[in-house]
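0 is the number of the first residue of the sequence shown in numbering that gives the first Met the number 0; add one for each residue after it.
Simulated from the structure, these hints should not be mistaken for lab results. Some hints here could point you the wrong way.
[Stated by the list, open to error] Distance condition first, Cα-Cα at most 25 Å in a straight line; then the derived DSS-like pairs of lysine-lysine:
(1) K86 with K69
(2) K86 with K31
(3) K31 with K69
[Unchecked claim] Estimated spans, in silico, between C-beta atoms of each pair:
(4) N80 with Q53: 14 to 20 Å
(5) G65 with C102: 19 to 25 Å
(6) G58 with K86: 27 to 33 Å
(7) S39 with T98: 18 to 24 Å
(8) P87 with G27: 34 to 40 Å
Beta carbons: idealized from backbone N, C-alpha and C, even for Gly.
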Amino acid sequence: MRNFKRLMMTSVVFAGALVAAGAAADAGCINKGGRGTGGSRDSAMFQAWEAVLQATSWGSWAQFMGSGMKVGSAPGYRVSNLRSNCKPGGMMGTECVVTATLCN
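Please model the entire structure based on the sequences and the hints provided.
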């Protein structure tokens, strides 16, 4: 009986550690980047930000498309370190690269 209790306690502690590890992973941050092209800087930035969201979460991208579509917003995520670099080029005249850190 004593061994059974010890085994159960070890199992409970292990299960708790797995839950805590899963919660920590959910709260993690990721760095993402995207490239877009457009006829203007704004449209190229929009395309690049869409690429970032699509690489992160299709659900967040869908909410973004339905709620204002502001570059730098990511429903369900906190966005930081948003950086962009735009220059003439690409298929439509302007090319932008956007990078950001997104945290749950």
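A quick look at each hint next to the structure:
Proximity of K86 to K69 is assessed by CA-CA distance (about 20 Å); at most 25 Å being required, the pair is judged to hold. Restraint check for K86 and K31: the C-alpha separation of about 20 Å stays at or below 25 Å, so the hint holds. For the suggested pair K31 and K69, the alpha carbons sit about 17 Å apart, so the restraint of at most 25 Å is met. A hinted range of 14 to 20 Å for the beta carbons of N80 and Q53 is consistent with their spacing of about 19 Å.
One distance hint, 19 to 25 Å for the beta-carbon pair G65 and C102, holds here, with the actual separation near 22 Å. Taking 27 to 33 Å as the suggested C-beta distance range, the pair G58 and K86 conforms, at roughly 32 Å. For S39 paired with T98, a C-beta distance near 20 Å keeps the hint of 18 to 24 Å intact. Checked against the hint of 34 to 40 Å, the pair P87 and G27 passes, with Cβ atoms roughly 37 Å apart.
Hint violations for this structure: none, all hints satisfied.
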